[in-house]
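Trainee: Residues per chain, in single letters:
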Amino acid sequence: MEYYLLIARSVTHAQQMARTLEQCGVRAGILRTPAGLTQSGCAYAVRIRKPQEERGRNCLQQAQLLPKSVFAREDGCYREVVW
Amino acid sequence: MIYFDAAATTLEKPRQVREAVAAAVGSMSSPGRGSYAAARRAEETAFLCRSEAAKLFGITDPARVIFTGSATHGLNIAIRSLVKPGGRVVISGLEHNAVTRPLYVIPGLRTEIAAAPVFDPDAAVEGLAAALQEKADAVIWTHVSNVFGAVQPMERIADLCRRTGTPLIVDASQSAGVLDLDVMKLQAAYVAMPGHKGLYGPQGTGLLLCGREDVIPLLQGGTGSASRLQEMPGQLPDRLEPGTHNMPGIAGLLAGLRFVHRMGPQRIRAHERVLLEEAVREMREIRGVRLYASDDPAAQTGVLSFTVTGWDCEELGQVLAQKGIAVRAGLHCAPLAHRTAGTLETGTVRLSFSAFNTREQVRRFADVLRRELREKVTL
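Quick mapping for you: the protein sequence lines, in order, are chains A and B.
Note that our numbering has the first sequence beginning at 1, numbered continuously upward.
Note that our numbering has the second sequence beginning at 84, numbered continuously upward.
Any given hint might turn out to be false.
[As the list claims (entries may be wrong)] Using C-beta positions, here's what the derived DEER-type ranges look like: (1) A/R79 - B/M346: 50 to 56 Å; (2) B/A212 - A/L37: 53 to 59 Å; (3) B/H344 - A/E2: 40 to 46 Å; (4) B/G152 - A/E2: 41 to 47 Å; (5) B/C416 - A/C24: 45 to 51 Å; (6) B/G425 - A/L66: 36 to 42 Å; (7) B/G347 - A/E2: 44 to 50 Å; (8) A/L66 - B/P380: 43 to 49 Å; (9) B/D205 - A/L66: 44 to 50 Å.
[Claimed, not checked] With the C-beta cut set under 10 Å, the calculated list includes, among others, these residues of chain A facing chain B: (10) S10; (11) S40; (12) A43.
[Said to hold, decoys possible] Chain A residues, not near chain B, derived (Cβ > 12 Å throughout): (13) E2; (14) G25; (15) R27; (16) I30; (17) P51; (18) E53; (19) E54; (20) R55; (21) Q61; (22) A72; (23) D75; (24) G76; (25) C77; (26) V82.
It should be emphasised that the hints constitute simulated quantities derived from the structure, not laboratory data.
In this text, all values refer to a predicted model and were calculated from it rather than measured experimentally.
Backbone N, C-alpha and C define an ideal beta-carbon position, used for all residues, glycine too.
Using the sequences and the hints, build the whole thing.
Mentor: Right, here's the structure in full:
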C-alpha cells in the first residue's frame, strides 16, 4: 500500500496534525515512526493515504502544523519528499 | 465536616474526578511511550486535557499547555526562564512564597515590591507604573491574593507590562476556574496554576500556560522523543515534561476542567460570592471579629480572612477543627501579603469556599463561632 508518513515534533504535535487532518476530511492514523527514519530517535508520525496527500498538505499548511519531515512509502521503501 | 479550605485544596471533588483517577490507575501507562492501547489511552487523555485547558484559558496551541506538579513548579520554571542573577524583578505586595522563595535564591537579584493597600486596584496599578520606570526582567503578579481573595486588576497590569516591554508572569493559583482568564488577551509570558484548587483536579497536578517558547527546563530527562539527543527537545510540551506523566492526575484534572467548563467560572464565582456575602453578614455582628472584606463585589473572590480580639488565630483554627470546621490559620505561606495588610504578627483565620459549599454551612459555622467566643468570654 502506498502512503505518506508525516513525522511529528512530539506526540502532541502528532495528535494536533491527526485531528486537523480529520477535520479536513483526510483519514489519518498515528503511529510510532520507524527507527530508520529518525536521526534523533523515538518519534511519532501520522499516516495518510497517497491520494489525500495534496489535501493534507494544504490543510496542515493552513493550520500552521506542518510536519518535521515527510516520507513517501512506495514499492516497500521510504523516500523523503519535500513539502 | 464543613470544609472551608478550598483556597488550599478543594477537598470535595466532582464524582467524575474520582472515577477518572481510579480508571486511569489501571488502564493508562505513559504518553509517547508506545504503540499499545494503554499508551494510546494515555496520549489521548493528555491531549484532551491540554485541549480543554487551552479552550478554557484562551490558548490556540494545546502544545503550550504544560503539565506540572503544582503552581509552585510552574512558577519556578517561569522564574528560571526570565529572571537572571543580578537582574531586577517587580512583584505585587500579595505574593505567595511560591514566588518569593525562588526569587530569594537568585544571586544579586533586586526584587522590588510594588505594594498597595489590599483592596485598592488603582493603587496597585500606580505602584507598578512607578516601579516600571526602571527596566525589569519580569513582573510577577498574583491574579487573586490567597489570603484575602483580593482580585488584582490583571488587564491593567498586563497593559502596563506590554507598554514597557516587560514579560509578565501570572500566578493564577486562586483565580483559575473562578475568574475569566485569557492568556492570549493578556499576552502574558507565563501563567501558572494548580490543578487541585479551582480546577477540581487531584493534588499533584498543575498547569503552566506558555505565552512564549523560549523556556528553560527545570528538570532534564526522558521524554519519549528525540531520544538520541542529550539536550532536551526544543519543542513544547516535551521540553518541559521529562519523566513519566502523572496519568491518574491528568485524567482527574481533565474531569475537573470539564466540570468547570460545564458550570462556567462565572457561575462558580457567583455562588462563592453568595457564600462570602452570607459570611460577612453573619460575622459582622459578632463582637471582637475583624473582617478583611471589600465593599466592592468585583474586588474579592470567595476567600475571607478574619481575626478575633483576644484569640490567637492558630488556637481558634484548632477549636474550629475540633468542632468539625476546616479552616486555615496563620500566614498561609504568604508572609508578604500579611505584611502588606499589617497582619504579619498575628496572622489571620481564612475561610475559602468552593462550588460544593452551601449557605447553610456558612450559618452553622457562624453559630459555632458565636458560641465559642461567648464561652471564652464567660470563662
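Trainee: Would you say A/R55 is clear of chain B, with no C-beta pair closer than or equal to 12 Å?
Mentor: holds (22 Å)
Trainee: Is 50 to 56 Å respected by the C-beta to C-beta distance linking A/R79 and B/M346?
Mentor: holds (52 Å)
Trainee: For A/R27, which was marked as not at the interface, is the minimum beta-carbon distance to chain B over 12 Å?
Mentor: Non-interface label stands for A/R27: nearest chain B Cβ at 17 Å, farther than 12 Å.
Trainee: Minimum Cβ distance from A/A43 to chain B below 10 Å?
Mentor: Holds. Min distance 6 Å.
Trainee: Using the beta carbons of B/G347 and A/E2, state whether their distance is inside 44 to 50 Å or not.
Mentor: Hint holds: Cβ distance 48 Å, inside 44 to 50 Å.
Trainee: Holds or violated: is the Cβ of A/C77 farther than 12 Å from all Cβ atoms of chain B?
Mentor: holds (22 Å)
Trainee: Once the closest CB in chain B is found, is it more than 12 Å from A/V82?
Mentor: holds (21 Å)
Trainee: I want to verify a distance hint. Is the separation of the beta carbons of B/G425 and A/L66 within 36 to 42 Å?
Mentor: violated (56 Å)
Trainee: Just to be sure I understand the hint, the distance between the Cβ atoms of B/G152 and A/E2 should be within 41 to 47 Å; is that true here?
Mentor: Since the Cβ atoms of B/G152 and A/E2 sit about 45 Å apart, the hinted range of 41 to 47 Å holds.
Trainee: Confirm or reject the statement that A/E54 sits farther than 12 Å, beta carbon to beta carbon, from all of chain B.
Mentor: holds (25 Å)
Trainee: Take the C-beta atom of A/L66 and the C-beta atom of B/P380, compute their distance, and say whether it sits inside 43 to 49 Å.
Mentor: holds (48 Å)
Trainee: Grab the minimum beta-carbon distance between A/E53 and chain B and tell me whether it stays above 12 Å.
Mentor: Check passes; 23 Å lies beyond 12 Å.
Violated hints for the displayed structure, listed by number in ascending order: 6 and 16.
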